[in-house]
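Colleague: Residue numbers (my numbering): 1 to 435.
Hints in this document: simulated from the structure, not taken from any laboratory. Treat the hints with caution; some may be incorrect.
[What the hints assert, rightly or not] Distance ranges between label pairs, derived from CB positions:
(1) Asp283 / Gln155: 13 to 23 Å
(2) Glu82 / Thr264: 54 to 64 Å
(3) Gly86 / Asp283: 49 to 59 Å
Treat the numbers as computed from the prediction; the structure is a model and nothing was measured. Where is the CB? At the ideal position from N, CA and C, for every residue including glycine.
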Amino acid sequence: MKRIRSFAAACAVSIALVGIVAGPALAQPAAEPPVPTTTTPPFTTPDTDSCPFAASPPPAIDLSEVPAPGSTTPQPLPIPAEAVGGDRLAECGAIVPDGAPPLPADISATGFVVADMDSGSVLAAKDPHGRHRPASTIKVLLALVALDELNLSTQITATAEDAEAEGSAVGIGKNGVYTNLQLMQGLVMASGNDAAHALSTQLGGDVATVEKMNAKAAELGALDTRTATPSGLDGPGMASSAYDLALIFRAAMQNPTFAQLISTETVQFPGYPKDLAIPEDQDRPGFALSNDNQLLYNYEGALGGKTGYTDDARQTFVAGAERNGRRLVVTIMKGDVLPIRPWEQAARLLDYGFAMDPNSSVGDLVEPQSTSAVTSTRAPEATPTLAQPPATASGSRQSEMQAQGDTVVRLSIGVIGAIVVIGLLWGARRMSRNR
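With these hints in hand, go ahead and build the complete structure from the sequences.
Modeller: Right under this line is the structure:
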């Protein structure tokens, strides 16, 4: 009997210990009723009043902008002594004409511009010269260069390097035969980095193509723009602005071929032959290629546009639309998918622009080569930093993660304690039987 009483006492102590250790995790107070949720997720409109991006984009969150061995990160482009497009465009917050109605409330973009594509009048803007990464919207600039230099009827045979280009792809394949027109369709309709690679190869390679793109940007007066890659993938020194994207898109829309390409909804795109080095590989048939710009399908009068996204650039967008004989361009930089998608934010801004007096203006889209005397020697206000690894969780998120970890530990201890108790009870029972 002494043994049984001893085991019973041990069990009681073990149960008490389990209750002390695991109690907080297993016996929580009743949860409060959930707070009613809304159908629109919350979002924060970025505050740019202090001009935080006047010299360069914010630091990268990944390693995409670390220079290649032997190279260095280029210094930020000079900041013009006078704002390109007019004095008001030097402002960094929201910019509207005197007496204009409030801007749409659903805009999460850090910078944007709404302008008349024909007169060049800037109707409204936010941080128009703030420098951000353009992502694939810079393909509009590549298209301008390619249209200037390449014969669209020329056929090329795609290489493995074309087909394996990093990032988004239209789907060209090794040994596939494509005209430059088809490559341009893949570039602007499906944001194909594979098509961008095939085009840049004909333009002299990536380095030569980037030089040509930067020269074209300077010619247009896009002084915030420096391209690091033909496709829009992030790279050291990559930058543009909402104002510059409007300039570039306006220039591109003056080319009838580009205007047709950007407004095309669907075309047939070629397939490519099987790879003889791969057993049982098969020919890839052609397919219907659809435009990935949702504004084109959902906004009355849409003329076309170009989407963009990278982890560092976030959402970028440029598009045009026509209403009652009036054509507008809208650009969005460093946006988000909340509270509405980028093309929907662009639609709100276009509606705002079309509702404004055509004579209203806060500045102008300059004509090509009209800014050569305005390039400034004023030093940038900040220097870029190398891309840093993603930051660790902090603040409430870190506390939440710690709390979850503590709960797991308490539950684990409780489970182990319960197993010990069961073992003790089983042992006591066996001893009782043995006696």
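Colleague: Could one say that the CB atoms of Glu82 and Thr264 fall in the range 54 to 64 Å?
Modeller: Given about 39 Å between the Cβ atoms, the range is violated.
Colleague: Using the C-beta atoms of Gly86 and Asp283, is the stated range 49 to 59 Å upheld?
Modeller: Cβ of Gly86 to Cβ of Asp283: about 56 Å, so the range 49 to 59 Å holds.
Colleague: Check the following: the C-beta atoms of Asp283 and Gln155 are separated by a distance inside 13 to 23 Å.
Modeller: holds (18 Å)
In terms of the numbered hints stated before, the structure departs from hint 2 and from no other.
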